[in-house]
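Asks: Chain by chain, the residues run as shown.
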Amino acid sequence: MARLRGSGPPTDVGGVRDDAMSTFLQISFSGLATGAIFAIAAVGFALLWQTAGAINFAHGEFIALPAVIMLILGEQRPTLGLPDWVPVVGGTAVAGPLPEMGIIVAFVLTIPLAVLVLGYVFKVSLVDRLLTPGGDDIPLVIASLGLALLIREYLRVEFGARPEQFPSTFGTARWRPGGIPISADDVGVLAVCIAVILALQMFLRRTYTGRQMEATAQSPHTARLLGIPVDRMVFYTFAINAVLVTVAALLVAPTTHARWDGGLSLSLVAFTAAIIGGFNQVRGALVGGFVVGLLQNWSAYYLSSAYREAIPLLLLILVILWRPQGLFGVAEERRV
Amino acid sequence: MTKRMCWSKLPAVLVVGALAATACGGDDDTDASSGSGGGDEGAAECPDGDSVLMAMPYEANQPAGENWRLGVEMAVAEVNDDGGILGCQIEIDPQDTQGDPDVSRQVVADQAEDDPYVFLGTVFSASTIVNMVESQRAEIPMFVGAEAPSITDRDENGDDDFIYRTSFGVDTAADKFVRYMVDQGVGSVDLIYKNDEFGAGGREAYVAAFEEAGIDVGLDIQVQPDQTDQSAEVTQLAGGDADAIFVFMTEIETAAFLDEYQAQGLDKPLYGGDVLSAASTIALVQPGAADGTVTHAGLNASAPVFAEWKEAYAEFHPDADPPDHNSIKGYTAVYIVKEATERIGEFDNSQFADTLYCADLTVEDEPSLLLDVSYDGNGDIDRESYIVSVVDGVGEITETVPPLDNLDERGC
Amino acid sequence: MSATTSTTGVLEHRQDTIPERDRGHLSWPLAVAAVAATTLVVLLPLGHSQLAGIMWLWGVALVGVIGLNLWLPVESWNGIVIKWTSLAGAVAFLIVFPIGRTNATLIDLGVFVVFAIVCIGLNLTYGFAGKVSLAQAGFLGIGAYVSVLLDTGRDVAVAGFEATLPNLPFLLAIVVAGLTCMAFSVLIGFPALRVQGPWLAFVTLAFNLLVFLVLNNEVGLTEGSRGLRAIRSDLVVFDIDLFETRNYYYFCLVFLLAATVLVWWVVRSPWGRAFKALRDNPARAASLGVDIRTYTLLAFSIGAGLAGVAGALYARLIEYIEPRAFFIGQSFDFFLATVIGGLGTLVGPFIGVSFITVLTDRLRFTGDYYRVWFGLFVVVMMLVAPKGVAGSFDQLRSWLRDRRRVVPGAAPDAAPEVGPEVET
Chain F
1 MARLRGSGPP
11 TDVGGVRDDA
21 MSTFLQISFS
31 GLATGAIFAI
41 AAVGFALLWQ
51 TAGAINFAHG
61 EFIALPAVIM
71 LILGEQRPTL
81 GLPDWVPVVG
91 GTAVAGPLPE
101 MGIIVAFVLT
111 IPLAVLVLGY
121 VFKVSLVDRL
131 LTPGGDDIPL
141 VIASLGLALL
151 IREYLRVEFG
161 ARPEQFPSTF
171 GTARWRPGGI
181 PISADDVGVL
191 AVCIAVILAL
201 QMFLRRTYTG
211 RQMEATAQSP
221 HTARLLGIPV
231 DRMVFYTFAI
241 NAVLVTVAAL
251 LVAPTTHARW
261 DGGLSLSLVA
271 FTAAIIGGFN
281 QVRGALVGGF
291 VVGLLQNWSA
301 YYLSSAYREA
311 IPLLLLILVI
321 LWRPQGLFGV
331 AEERRV
Chain P
1001 MTKRMCWSKL
1011 PAVLVVGALA
1021 ATACGGDDDT
1031 DASSGSGGGD
1041 EGAAECPDGD
1051 SVLMAMPYEA
1061 NQPAGENWRL
1071 GVEMAVAEVN
1081 DDGGILGCQI
1091 EIDPQDTQGD
1101 PDVSRQVVAD
1111 QAEDDPYVFL
1121 GTVFSASTIV
1131 NMVESQRAEI
1141 PMFVGAEAPS
1151 ITDRDENGDD
1161 DFIYRTSFGV
1171 DTAADKFVRY
1181 MVDQGVGSVD
1191 LIYKNDEFGA
1201 GGREAYVAAF
1211 EEAGIDVGLD
1221 IQVQPDQTDQ
1231 SAEVTQLAGG
1241 DADAIFVFMT
1251 EIETAAFLDE
1261 YQAQGLDKPL
1271 YGGDVLSAAS
1281 TIALVQPGAA
1291 DGTVTHAGLN
1301 ASAPVFAEWK
1311 EAYAEFHPDA
1321 DPPDHNSIKG
1331 YTAVYIVKEA
1341 TERIGEFDNS
1351 QFADTLYCAD
1361 LTVEDEPSLL
1371 LDVSYDGNGD
1381 IDRESYIVSV
1391 VDGVGEITET
1401 VPPLDNLDER
1411 GC
Chain Z
2001 MSATTSTTGV
2011 LEHRQDTIPE
2021 RDRGHLSWPL
2031 AVAAVAATTL
2041 VVLLPLGHSQ
2051 LAGIMWLWGV
2061 ALVGVIGLNL
2071 WLPVESWNGI
2081 VIKWTSLAGA
2091 VAFLIVFPIG
2101 RTNATLIDLG
2111 VFVVFAIVCI
2121 GLNLTYGFAG
2131 KVSLAQAGFL
2141 GIGAYVSVLL
2151 DTGRDVAVAG
2161 FEATLPNLPF
2171 LLAIVVAGLT
2181 CMAFSVLIGF
2191 PALRVQGPWL
2201 AFVTLAFNLL
2211 VFLVLNNEVG
2221 LTEGSRGLRA
2231 IRSDLVVFDI
2241 DLFETRNYYY
2251 FCLVFLLAAT
2261 VLVWWVVRSP
2271 WGRAFKALRD
2281 NPARAASLGV
2291 DIRTYTLLAF
2301 SIGAGLAGVA
2311 GALYARLIEY
2321 IEPRAFFIGQ
2331 SFDFFLATVI
2341 GGLGTLVGPF
2351 IGVSFITVLT
2361 DRLRFTGDYY
2371 RVWFGLFVVV
2381 MMLVAPKGVA
2391 GSFDQLRSWL
2401 RDRRRVVPGA
2411 APDAAPEVGP
2421 EVET
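Protein sequences, first through last, are from chains F, P and Z.
Final position of the first sequence in the numbering used here is 336; the numbers increase by one with none missing.
Final position of the second sequence in the numbering used here is 1412; the numbers increase by one with none missing.
Final position of the third sequence in the numbering used here is 2424; the numbers increase by one with none missing.
Among the hints, erroneous ones may be present.
Unchecked claim - Chain Z stretches covered by chain P per the calculated footprint, using a threshold of three residues with CB under 8 Å from any CB of chain P:
1) 2190-2201
2) 2247-2253
Said to hold, decoys possible - Facing chain P, from chain F, some residues (calculated, C-beta under 10 Å):
3) Thr132
4) Pro181
5) Ile182
6) Asp231
7) Trp260
8) Gly262
9) Gly293
10) Ser299
11) Tyr302
Keep in mind that the hints were calculated from the coordinates and are not lab data.
Yeah, the Cβ is synthetic: ideal placement off N, Cα and C, and Gly gets one too.
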């Protein structure tokens, strides 16, 4: 007989299980940690929609892609392999296995790549062509659906259908103060997520460039009259989004794993969190993420696990109908 | 005036026609002479020139389907190097079903037009339940990796003589494992399962087996596909008072569950479907989180009997993940076809039922079967299986479960 | 995005400037050529021949038919003859083509036919009335489940209630499926009164997800993820045995033709004008006395009803339904098919659905990458033809017409009139 877990009756597991408050705190904290993941996934989506008017249904794939790239760069995963074209592009030197450089170095290397491909190329090749001022936004929605399919299937063919474990940036330490399990990863993701979103909010509100971007978002026409380099401001939006999805990949992938089909569910929570929180406020994504994470856990525990995903969706519908600026957004007239 | 815009698009209707026509043009070459039953001149006659065509519908976008394909490819390469089946080289027609039942049905129907000798696939039960209708219609044997009980249920399928499993149906597995659990003194279990076709199907089979064995089912909790935060569900489990917890989910959800279970410091025994102790799950969890889990495995690559095969596999697919049970299923499927064909003596796929039903296929006949296997009268199999437990992050065989040996109750 | 983004501009076409009465002379040789070319297009693929020469002939005939349609002014006698010939040819194609084909082709074509009905519905809701809906797969699912539950006489249990469902005749089950979807569509029709554009897209998306969750979780009603079988073996309608896939295909085709005629009729009726007024300028429509509430709900319910009917047909075509078939991915597919085909055109859904069914399937010869190519195709289509294939046809036609009109020296009309003018 192999080692089984303690086979005695589970009389006193931690000693705090009967405490309803402790249970509540436990699932609430877990909900917040998950909510932070939702928030960091949502913030880029909200930013693009708010400041460039671009609704990107490929947002989840934008997060899944850098996760895989980081894994290839940062850790030797023979099972991931390299696309056939890599040696062709980079010459024979790249053909051999890459050195193992650690996930943080890989993250730093991935950021410029992401800014180039998910920021610049995405903007120039798709958004600029499809999103004409005052025009219809549906062609871009359709194109992003196609793009999502393209990225997803490419990841599958190139890197396989199997999920890969992604190392946590914050280590695997765990504590159980008062019976509530807390992991270093949870705390780290929460902290980084809040810091990133608040910093972004500060940047948009307090810095000169940020104000210019805000002005561009509110009225490109007026902004241009005021001498703001509108096109460059829009590009900044895409660049920031590219950085945000890379950060999101770094924080999300330890939980969701690096895999080809992780994008759709990430997109869905991103839409939900962004809209519930109020997409015209970057910090709305934070609030929305927390609300969704908490609601899911509360409804799973106190109502029914089957409908844990349904409650945030109902809230989403209610919010759109009665408070389209989001629960915590500020009502203002915006025309992009 | 009003008609103008609508009807003026008609040319485009014809474009659609053009697409459909080019698309379906390939249907015409179904040549009656290539029928598999035509080989009465002798055993050496290959159905398709000097080769034999096998159709492989599989889930290219799922780990299960991908591993199935790798197993099949390896076996096919071996057989072909060895001179083929009855001197005929095997040709594989792999087609992606996207794990989607209605796509899989179209794929199988399309492949049936080329009159393949057999179908190898599919692995997903929901797909198989749908596409086996087409293999039955075309009267082509189909070797599946799917485990849902209903696939070989003759009442539900109108006496399908063309469906053969390559592993246990989950009901057979449940019978065997529940016996073991009773032996271990488990009197009651709390269930947690994934709310999809795989998890719900497994739960159903096991609940029936628990009931029969007199094990009480306490909590019955589901998690949603892709759900990585299971704290609420595990907290509910922590409040249960059963002897053990039974887990039936796929890799991602199982990994999330094990991590949360460890984080909350729970220590009831964990039993489950074979994913719980599979190498692909252990690869995703925190160190130590899977230790102590016990599962029943119809096929488990860590069994000593597969050791040699595993090395060959690693050599053949140097870039692939280590093989799992689906790789073994795919691999042995090819050899079951080979053995059956050699017993028939010619490529006559209408004789598969006569040859395989109630027959024993042994490793002495064909070493690459890896394990002895017996078919019952419905296309289900019986053979020995394993109890696997995870020790220090590695699945270890702790016990070998003998075959049920009840073929006479199962249509023989 | 402002909440009042409309699709103005998507579907504006030049007014045809040829007066109604002046239809010119009917050229008999031309008409005969058109009929001959259409006949070739329809009949040639029938043969069991792969001869390259014949396929070339077929290609030439097809180009001929398309060219004639593009070249001739649509309101001239010649244009009328040719477009009716082409229509008859297209219908004949769907009827004649499956003759002698095998089961697999019939199922492929059957899926095409069923999805075309769904997209025709979506085209009415979105293309003509301007209301985005990403819930079409949800309605397909509701229709499928309602029909299967009602014509198999099952015992169900939901939330403590138990009942034995009736065993309705198939035709009646189809009707009930359609009506149920129309009833549900009111649920998302009301949000459509308040929000537009992307907001509406997200509301309908959430609705579709909720439908999926209910189908997946209410095991007592739907068997959940195990799915429901819906074998056709006992299905006989008007003494026709629908178990035979061929018969069932034609059965579905009848519904497709009916749906096409229905939408064609709706679009030319006063309703259709109201829909387009709603799409192009809701405020103006309201001031002109269009009852916005009624027409918005109507647009949704017709689209959803068609999806429901299609769902009933789909269930019996595949003979098995499970919730994942009605997940939002399918809604995305329907949406992009409708847009790529060409919004607000009768033929658009046909073209679009051929892309999501026939094209994806026929890309398989490219191996593992076939879905990648399809994604790329969608992106490129949006870049080169954001109005869809049918929209591009119209642009091409007016370009050709402008060029020809310049030749006689007649001054072209002033700037094309753009406005909420109703045109069909």
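Asks: Let's test the interface hint: is any C-beta of chain P closer than 10 Å to that of serine 299 (chain F)?
Replies: Given a least distance of 8 Å, the restraint on serine 299 (chain F) holds.
Asks: Let's test the interface hint: is any C-beta of chain P closer than 10 Å to that of threonine 132 (chain F)?
Replies: 24 Å, violated
Asks: Is the coverage entry for the segment 2190-2201 of chain Z by chain P consistent with the three-residue Cβ rule at 8 Å?
Replies: Violated, because only 0 residues of the segment 2190-2201 of chain Z bring their Cβ atoms closer than 8 Å to Cβ atoms of chain P.
Asks: Does the interface hint hold: is glycine 293 (chain F) within less than 10 Å of chain P, judged Cβ to Cβ?
Replies: 7 Å, holds
Asks: For the restraint on isoleucine 182 (chain F), tell me whether the closest CB of chain P is nearer than 10 Å.
Replies: Constraint on isoleucine 182 (chain F) satisfied, holds at 8 Å.
Asks: With a Cβ-Cβ cutoff of 8 Å, does the segment 2247-2253 of chain Z contain at least three residues near chain P?
Replies: Three-residue rule not met by the segment 2247-2253 of chain Z, so violated; n is 0.
Asks: Is the interface hint for tyrosine 302 (chain F) satisfied, with its Cβ closer than 10 Å to some Cβ of chain P?
Replies: 9 Å, holds
Asks: Let me know if the C-beta of tryptophan 260 (chain F) comes in closer than 10 Å to any C-beta of chain P, holds or violated.
Replies: Status holds, d = 7 Å.
Asks: Can the hint on proline 181 (chain F) be confirmed by a CB-to-CB distance to chain P that is less than 10 Å?
Replies: Holds: closest Cβ of chain P sits about 4 Å from proline 181 (chain F), inside 10 Å.
Asks: Quick check on glycine 262 (chain F) please, does its C-beta sit within 10 Å of some C-beta on chain P?
Replies: 8 Å, holds
Asks: Identify whether the interface hint at aspartate 231 (chain F) stands, where standing means a beta carbon of chain P within less than 10 Å of its own.
Replies: 37 Å, violated
Checked against the numbered hints given earlier, this structure breaks hints 1, 2, 3, 6; the rest are met.
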